[in-house]
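Peer 1: Next come the chains, spelled out residue by residue.
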Amino acid sequence: MDAIRVHRLRKEFQVQQNREGLGGALRDLFDRRYNQVVAVDDISFAIPQGEICGYIGENGAGKSTTIKMLTGILVPTSGEITVNGHVPHKEREQFVREIGVVFGQRSQLWWDIGVIESFRLLRKVYRVPEQAFNERLNELVERLQLGDLLTRPVRKLSLGQRMRCELTAALLHNPKILFLDEPTIGLDILVKSEIRDFLLQINKRYGTTILLTTHDLQDIEALCSRVVMLDDGRIIYDGGLDELKRDWGKGKELLIQFGQPCSPERLRALTADLSVTWEAVNEFTLKAWIPLEQANLTEVLGRVMTLAEIRDLRVLEPNTDDIVKEIYQTGAGKHV
Amino acid sequence: MHYLSLFFDYIKIYMKTKLTYRSDLWIEIVSDLLFQGLNLLFILVVFMHTDLLGDWTRDEMIFIYGYFMVPYGLFTAFFNMWNFTERYIIKGEMDRVLTRPVHNLFQLVLENIDPSSLFGALSGVVIMVYAGTQLGLDWAWYDPLVLVLLVLSSMMVYFGVYVSLIAIGFFTDSQTGILPLVWNLQNYGRYPVDIYNRVIRFSLTWVLPFAFVGVHPASYFLKKGEWQLYAFLTPLMGVAFFLLALWIWNVGVNRYRGAGS
Amino acid sequence: MFSLPAYLEMVRMKFLMMLAYRVNYYSGILVYAINIGAYYFLWQAIYGDNQTMQGFTVAQMTTYIAVGWMARAFYFNNLDREIANEIRDGSVAIQMIRPYSYLMSKMMQGFGEGLFRILLFSTPGMVLVSLLLPVDLPTDWRVWPVFLLMLAFSFLINSQINILVGLFAFFVENNAGMMSMKRILVDLCSGLIVPLTFFPTWASSVLEWLPFQAITYLPASVFVGRVTGSAVWEVLLLQFVWFVVLLIPIWLVWQRARRRLFVQGG
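In the order they appear, the protein sequences are chains A, B and C. Sequential numbering of the first sequence, starting at -2, is according to the working numbering. Sequential numbering of the second sequence, starting at 3, is according to the working numbering. Sequential numbering of the third sequence, starting at 2, is according to the working numbering.
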């Protein structure tokens, strides 16, 4: 069964337009102009239960808008959403009991009182039975090492500590689906990897479906088996991370250091028929990108060796970062 | 039942928060009372130069003022959302509220309770008793019940006006400044409306019905013959404005969820 | 004053921001009109059959209310709240690294707001009110420029008080109560609600030694013609003196606040 199913989902906004200057502002006083903006443009996808799906895209691509529609905060302009068998914006109060939401940039805890007080209140809000709550809390406290944080007021917590508490707060009622909007933003590497491990555990143990938006592609590599990539309100890639690498990472990057100065022009001439791109790093070092469909490594290296002595050679594996950049640059995805 | 138990949990949270800032709590209470005192001062100053305002005496005015403080104190104890647009719309906390399985307005009310203004209500009762004694008002056995009913109705009028106004935040996130201004206007509800001209009297009775949080219900106890009819209208107005506000609020929430950003 | 262009830009920005808040503008006009109207009727009822009270004729009283509220539209600002908020959320520290004086920039923003209100709010409002109510405008043209100058001082003094109250957020965790109290105090003690002559003698003699009367009571008294001749210049001098005197506590508090900010990091 699919945990999330989205069909031709669309969201349009009216954005107020301000005229320029003093005269413009005076005119705005009596006559406003609006622009129609399409934030999410007829997207469709489905996420099976138990999957961790990364939802990525540049700022303003429509990620947050989608999350807000999936969590029932916003009502779509058109299209269908089913999450957990519910239509989020219709049976909101019933529906939200089964989901957990973390907005990385906003706290859902009470600022001035001990963390545990917030948790207790959330227990009441979500109507979690006392015993289930205690078990759950103990488990989360142990896994996220919250022990001595529980009695501290939220305002005295570091960002990493706070985020661990936010995650706990979102999971106290054992939601079937967890929505994370930028959960690792601003955290240091150690905390990030702790949180990633934790999310993986939760997913394995309870089969919690997780949808997360992130700018950190390491989150994706560590967590997601599936990636949905958004650009300008449209899905430009939807598929597995491995396939993403296979389909897009079709090339290898070489870093070659020569014994003598070498200009990229000469190398370009040498490999003109192989469509290798060259880029000078410095006088002695060059970077080559070899599309594996049209050329092979031996061939290129063979030709290069005739030109000059090679001091050092490194093959760079494609990483998600480059792939994503590449997809954005070519502007269109393959799967959709 | 669920909502009632939630209510007490939020009160607990409130108490814990307040106890961390104990000195602030006292400053709040004292400044609240002083504020009320300053308003009373105006009445006293004015009556140093005249015996009657319209056909209302000083003690009658003070009695109205005492009544006015009661629903106001109770209302602000449970409703303290003056910075709603700023906090919930601009800073986006409304999103969090909407991801929780409790009615959104109820959550908002709970998150913003401020029982310290109950002191205002209490001092209102004291003032009423003082002025009532001065006037020699006689109380029937059912009058305390009527008082409770009228106070509840006045609170609903407040709720109606302010929830409707706060819902404006759903339609425009710019600071409208309308709240503090209307808040200024509510103060005219504690003067007899017959001193105003028709337009203002009409507005204070039917548009922004602040006459129903002060002079109208209070006149029931003052036995001001011609005004008692309005006193009986108070519950009706309360219910009407309460329902109107709920409707506007829901339209606003729907619009927020439709427009968003 | 060496960064005058920057300050002027702040005035302009605030002016534009005010224009952008259109609902605010409409509602403001409406409610000030109602305020004036309500107090007009309240005072009509207080006067009853009396023609004069405490030296104010009915017509003078009406004018006093109208001009008092319109002046308030100009001098009123929320600098106290803005400063307190910026102190509490820590953004005051960021403002400190900018190459201008923080307080001066606040003052300028307040002035931009006031300028907006006097041009688009008070002036049309005063015209409207004088059509609807029996308001006596000064016939001597010389009163007008003098009154405008006094208004400028009202703005300065009121803003100074606001800044002072706002800065207290450095020393107490929550000065919201203090701010709302100040607001009432200014409305009452400045004579906006009741002219000072109506207070008991002991109260008005206390108020004569406080800066509040320089905000509304004195300028409005000049406007309605209760203060004339050389006394007008005395009023101006008094306003100026209060302006200078109030600089001292602001400076002191500001020094202490900055020390606190740098030691404790906000």
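Note that these hints are calculated values from the structure, not bench results. Errors might be hidden in some of the hints.
[Claimed, not checked] Below, simulated DSS-like cross-link-like pairs (lysine-lysine); rule was C-alpha separation at most 30 angstroms, straight line:
hint: 1; chain 1: B; residue 1: Lys20; chain 2: A; residue 2: Lys121
hint: 2; chain 1: B; residue 1: Lys225; chain 2: C; residue 2: Lys15
hint: 3; chain 1: A; residue 1: Lys201; chain 2: A; residue 2: Lys121
hint: 4; chain 1: C; residue 1: Lys15; chain 2: B; residue 2: Lys18
hint: 5; chain 1: A; residue 1: Lys201; chain 2: A; residue 2: Lys173
hint: 6; chain 1: A; residue 1: Lys121; chain 2: A; residue 2: Lys87
hint: 7; chain 1: A; residue 1: Lys153; chain 2: A; residue 2: Lys87
hint: 8; chain 1: B; residue 1: Lys14; chain 2: A; residue 2: Lys121
hint: 9; chain 1: B; residue 1: Lys93; chain 2: B; residue 2: Lys18
hint: 10; chain 1: B; residue 1: Lys14; chain 2: A; residue 2: Lys153
hint: 11; chain 1: B; residue 1: Lys93; chain 2: C; residue 2: Lys183
hint: 12; chain 1: B; residue 1: Lys225; chain 2: A; residue 2: Lys153
hint: 13; chain 1: B; residue 1: Lys226; chain 2: A; residue 2: Lys153
[As the list claims (entries may be wrong)] For the chain C half of the interface with chain B, some residues (derived, Cβ under 10 angstroms), not all of them:
hint: 14; residue: Tyr27
hint: 15; residue: Ile35
hint: 16; residue: Leu120
hint: 17; residue: Leu121
hint: 18; residue: Arg184
hint: 19; residue: Ile194
hint: 20; residue: Trp203
We put the CB at the ideal spot given by N, CA and C, even for glycine.
Peer 1: Hint by hint, where does the structure go against what was stated? Just the numbers, ascending.
Peer 2: The structure conflicts with hints 2, 4, 7, 12, 13, 16, 17, 20, although it agrees with all the remaining ones.
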